[in-house]
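Heads up: the protein sequence lines correspond to chains Z and S, in order.
Be aware that the first sequence starts at 1, since it is given in the working numbering, and climbs by one per residue.
Be aware that the second sequence starts at 1001, since it is given in the working numbering, and climbs by one per residue.
The hints are simulated quantities; they were obtained by calculation from the structure and are not laboratory data.
A couple of the hints might just be wrong.
Output of the computed footprint for chain Z on chain S, the stretches with three or more beta carbons under 8 Å from beta carbons of chain Z [unchecked claim]: (1) 1014-1028; (2) 1154-1162; (3) 1189-1196.
Computed from a predicted model, the values in this text were never measured in an experiment.
Backbone N, C-alpha and C define an ideal beta-carbon position, used for all residues, glycine too.
The residues making up each chain are set out below.
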Amino acid sequence: MNETVGRSIDAVVLEQRPRLVALVARVVDWPDAEDVVQEALLKLDHDPIADRPLSEVTAWLRRVSLNLAFNHRRDLGRWRDRGLRAPVEDVVDGPEAESLRREEREAVRSVLDRMTDRQRNVLVLRYAGHSYAEIAAALEMPVSSVGTTLARAEADFRSKYEEDSK
Amino acid sequence: MTACPDTGTWRAWLDDETAIPAPETHLAGCGACARTVAELRSAAGFASRKMTVLSPAPRPVVTPPVEAEASPRGWLRRFAGAAAAVLLISVVAATPGGRALADSVLSVFRSQRIDILESTSRDLAMSGLVLGQLGEVDTDGLPEPTRVAGAREAEAESGLDIPDAFRGDSWLVISSGTVRWELDSQAITDYLAAHGSDVEVPSQIDGTVVVLERGAIVFAVSGPLDDPSLVLVRSGPVTAHTEGASLGETREFLLSLPGLPGGLVSQLRAIEDWESTLPLPVPVDAATGSHVDLDGIDAVEIDVDDLGSGLIWVDDDVVTAVAGHDPATTRQVAMEIVRG
Chain Z
1 MNETVGRSID AVVLEQRPRL VALVARVVDW PDAEDVVQEA LLKLDHDPIA DRPLSEVTAW
61 LRRVSLNLAF NHRRDLGRWR DRGLRAPVED VVDGPEAESL RREEREAVRS VLDRMTDRQR
121 NVLVLRYAGH SYAEIAAALE MPVSSVGTTL ARAEADFRSK YEEDSK
Chain S
1001 MTACPDTGTW RAWLDDETAI PAPETHLAGC GACARTVAEL RSAAGFASRK MTVLSPAPRP
1061 VVTPPVEAEA SPRGWLRRFA GAAAAVLLIS VVAATPGGRA LADSVLSVFR SQRIDILEST
1121 SRDLAMSGLV LGQLGEVDTD GLPEPTRVAG AREAEAESGL DIPDAFRGDS WLVISSGTVR
1181 WELDSQAITD YLAAHGSDVE VPSQIDGTVV VLERGAIVFA VSGPLDDPSL VLVRSGPVTA
1241 HTEGASLGET REFLLSLPGL PGGLVSQLRA IEDWESTLPL PVPVDAATGS HVDLDGIDAV
1301 EIDVDDLGSG LIWVDDDVVT AVAGHDPATT RQVAMEIVRG
């Protein structure tokens, strides 16, 4: 039986939104994370997936939100290049520790930017605490492939990060 | 010795996501797998240390509930919902960024002008739910409306000056009321935990009570009460103060909470004269809001798709609103009221 029967999309949204924002906030800073999730939820309104069982809706939202978040970072980079928008990190004042943390965060994100969709998403989802089953559902892959994808993603991540640090 | 598991299986085993028969025995006798697992552990450890920095920092805030209904008869209820939203959001509005800690405990918010706060019905509804999760809202101080015979009785009952341009078939008065919202540190901690944050709630926030007070309200309704053609509303000012943490501290704390729509928070932070500006939430998916000049008075006009329009303004501390199905009539009546 369809789990979403009798449940409005709004009810789904209310349940999912906080965790989605927490997930997306690993890729983009607030308030952009809120906007990205909002965009994903709007897409959900117009997608046939909205009529599917809740577990499928959740997996879809995770994948779409992460892809939108990385797209948003790409767009931010373009705008920054044209001088249209300063990155949040440049306009927020803060103590030294926070400044250092922002630099580290940006270093990690810039590595993720250069990885494939699947590899960076598997990293973000795994280190946000998602199980292999949840990752498999979100990324539309067999559970048996998650370990291999994750292993390759971690190796690629370290390689790129260390290259940047040279 | 059993066959060598592949790299993905070893990786899943490291995460306890799969079982491998006698893995330690296999690793002790297989140099290739031992090297693979060592590399996997190393890469996973590196990624884990680096990815930790992406854990979201706690952030922003709050808003109000507006019920979006498609039924034409729902517009009056929506108007009432917007009024409730105004009350709630004034809590947030009374909490500017930056100077929060410098505010005195006695600082208060008082509505003297109105500005538009653009959002979506969903964001507004969710923001209202967020507010409700942070503490107890006591609305016992909001009395029920009572019917009165006409303008003069409404004037006497409310203490408000009712101009001749106020006309209606039915008259309702709600006497002045209070909403008390007591913040609960345990509820806030639970809320933060649900958002992946372990930030400690400042001690002064616990038990702080936000007190919203509004003056009496007069409604003059043309047409049937359940489907009016025109509604005129006049209200005394909305004020807010706190008991416990200062208004500024409270506002700043609310604005730093996660889970609130970023666009709304940005707009609230952008309000410079926050101590006197009442933000009017406009769900942009169902309505449009714009500033219009009413004979020298700055008013906000809201057009609700296919349902009608409303005008709201503050003059001399008194809030007045006109809403109806026909935008031209709404404007004409609003102008008559302004001109006295």
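Each hint, compared with the structure:
Residue count for the segment 1014-1028 of chain S with a Cβ under 8 Å from a Cβ of chain Z: 3. That meets the three needed, and the coverage hint holds. Here the segment 1154-1162 of chain S counts 0 residues with a CB under 8 Å from a CB of chain Z, which misses the bar of 3, and the coverage is violated. As drawn, the segment 1189-1196 of chain S meets chain Z at 3 residues by the rule of a beta-carbon pair under 8 Å; at three or more, the given contact holds.
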